[in-house]
Amino acid sequence: MIYLQLLWVFVKIGVLGFGGGYAMLSLIQHEVVEHYAWMTTTDFADMVAISQMTPGPISINLATYVGYTTAGIGGSLLASFALCLPSVIMVYLILKLFMSKKNNTLIDNTLKGLKPAIAGLIFAAGLSMMNLQNFPDFGRGQYNISVIICVLAFVASYFFKANPILLIVLSGVVGYFAY
Amino acid sequence: MKKAFELFFSFFKIGAFTLGGGYAMLSMVEKAVVDQKKWIPNDEFWDMIAVVQSLPGVFAVNTALYVGHRVAGRKGAFAAMLGAIIPSITIILLLATVFREFRDQPVVERIFKGIRPCVVALILAPSLRMIKSAKVTWKTAIIPIVTVFLIWWCKISPAYVILAAIAGSLIYALIINKKAKEKEVKP
Numbered sequence: 038m039i040y041l042q043l044l045w046v047f048v049k050i051g052v053l054g055f056g057g058g059y060a061m062l063s064l065i066q067h068e069v070v071e072h073y074a075w076m077t078t079t080d081f082a083d084m085v086a087i088s089q090m091t092p093g094p095i096s097i098n099l100a101t102y103v104g105y106t107t108a109g110i111g112g113s114l115l116a117s118f119a120l121c122l123p124s125v126i127m128v129y130l131i132l133k134l135f136m137s138k139k140n141n142t143l144i145d146n147t148l149k150g151l152k153p154a155i156a157g158l159i160f161a162a163g164l165s166m167m168n169l170q171n172f173p174d175f176g177r178g179q180y181n182i183s184v185i186i187c188v189l190a191f192v193a194s195y196f197f198k199a200n201p202i203l204l205i206v207l208s209g210v211v212g213y214f215a216y
Numbered sequence: 015m016k017k018a019f020e021l022f023f024s025f026f027k028i029g030a031f032t033l034g035g036g037y038a039m040l041s042m043v044e045k046a047v048v049d050q051k052k053w054i055p056n057d058e059f060w061d062m063i064a065v066v067q068s069l070p071g072v073f074a075v076n077t078a079l080y081v082g083h084r085v086a087g088r089k090g091a092f093a094a095m096l097g098a099i100i101p102s103i104t105i106i107l108l109l110a111t112v113f114r115e116f117r118d119q120p121v122v123e124r125i126f127k128g129i130r131p132c133v134v135a136l137i138l139a140p141s142l143r144m145i146k147s148a149k150v151t152w153k154t155a156i157i158p159i160v161t162v163f164l165i166w167w168c169k170i171s172p173a174y175v176i177l178a179a180i181a182g183s184l185i186y187a188l189i190i191n192k193k194a195k196e197k198e199v200k201p
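Note that the protein sequences, when read in sequence, are chains W and V.
Heads up, the first sequence is in my numbering, so the first residue is 38 and it goes up one at a time.
Heads up, the second sequence is in my numbering, so the first residue is 15 and it goes up one at a time.
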């Protein structure tokens, strides 16, 4: 049963995952944390940090991790291949149809229209993770270290395009000394 | 068969050493496929990337499948895809096993208490950057706002939201195309 669920979830994400790794991250978050409750929100945050720090596509990393924690090594392989399955079919079809860039203004404009919605989708995933599990010291005491970390990391990432791996490592160091 | 092995190893190297997702990988793929192996000419490569970018799914996997198929058919596509994902799967399996052992250690817990709020920021920041690059105006700002409301507040599955957004965007694109054609006809 768990295998079927993993297969369904990750094939679905492979089909609907427009807009790169972060868009898929928000789809995965909904299925894994909210719908099936395979993971808590802190587990999910830890998994994202680990997937971000390791090489390779972040969505494959996430699929492997989710598959492993829910159904062991078999689950991890199944989830990763399920994520790739729609791609295999689509790329094959595109090669057969000899689609070229030139006659695709319709697809281009559709994707342009899709972009603001995808951005909202990712933002919603971030908001869903803003809770007392991930910000355990919120509203307690004078200093909310977790809020400070979040704000500083946001400023560094948004305005200065700081390397995400560096930010994760620095936050880990701050957490080690502050908690 | 030899080409399939070469594809496997090229994408294995790329999968094992690129940090920071699909687009960081692109220059490495270009170097391997266009400059070193000369499998695909430069202009065709970028044409192909443009097509692959518009597909859903894992960008690195789509690229591997396309390059692999173009160079050595179905075997090539399969070999390149495996090369791209095997390093990820192996590394994550190792780390997940280790993490399971150590996650209850107080030291690890302290470190991850610091990391979690940072992860939240790392998800919020690119979404806002995406809104900026999509040139969202005050009028179109309604789209991301409604999306956030539906998913975060109403807990509607993002899958449905994406399907609705695709339908809406397609209608919008059809209208634009029609207008563009009418303009062509008039003069």
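If you're looking for bench data, these hints aren't it; they were derived computationally from the structure.
Backbone N, C-alpha and C define an ideal beta-carbon position, used for all residues, glycine too.
Hints may be right or wrong, so weigh each one.
What the hints assert, rightly or not - Within a straight-line C-alpha distance of at most 20 Å, the following computed EDC-like cross-link-like pairs (lysine to aspartate or glutamate) qualify:
1) 146/V / 123/V
2) 195/V / 71/W
3) 45/V / 58/V
4) 193/V / 71/W
5) 146/V / 71/W
6) 133/W / 58/V
7) 149/W / 61/V
8) 192/V / 71/W
9) 169/V / 145/W
10) 169/V / 196/V
11) 149/V / 145/W
Stated by the list, open to error - DEER-style ranges, computed between Cβ atoms:
12) 195/V / 111/W: 51 to 57 Å
13) 152/V / 126/W: 50 to 56 Å
14) 111/W / 119/V: 51 to 57 Å
15) 176/W / 195/V: 54 to 60 Å
16) 168/V / 210/W: 51 to 57 Å
17) 196/W / 61/V: 32 to 38 Å
Checked hints:
no., hint, result
1, 146/V / 123/V, "36 Å, violated"
2, 195/V / 71/W, "45 Å, violated"
3, 45/V / 58/V, "14 Å, holds"
4, 193/V / 71/W, "42 Å, violated"
5, 146/V / 71/W, "29 Å, violated"
6, 133/W / 58/V, "16 Å, holds"
7, 149/W / 61/V, "18 Å, holds"
8, 192/V / 71/W, "41 Å, violated"
9, 169/V / 145/W, "29 Å, violated"
10, 169/V / 196/V, "42 Å, violated"
11, 149/V / 145/W, "15 Å, holds"
12, 195/V / 111/W: 51 to 57 Å, "53 Å, holds"
13, 152/V / 126/W: 50 to 56 Å, "40 Å, violated"
14, 111/W / 119/V: 51 to 57 Å, "28 Å, violated"
15, 176/W / 195/V: 54 to 60 Å, "58 Å, holds"
16, 168/V / 210/W: 51 to 57 Å, "38 Å, violated"
17, 196/W / 61/V: 32 to 38 Å, "34 Å, holds"
Checked against the numbered hints above, the structure breaks hints 1, 2, 4, 5, 8, 9, 10, 13, 14, 16 and satisfies the rest.
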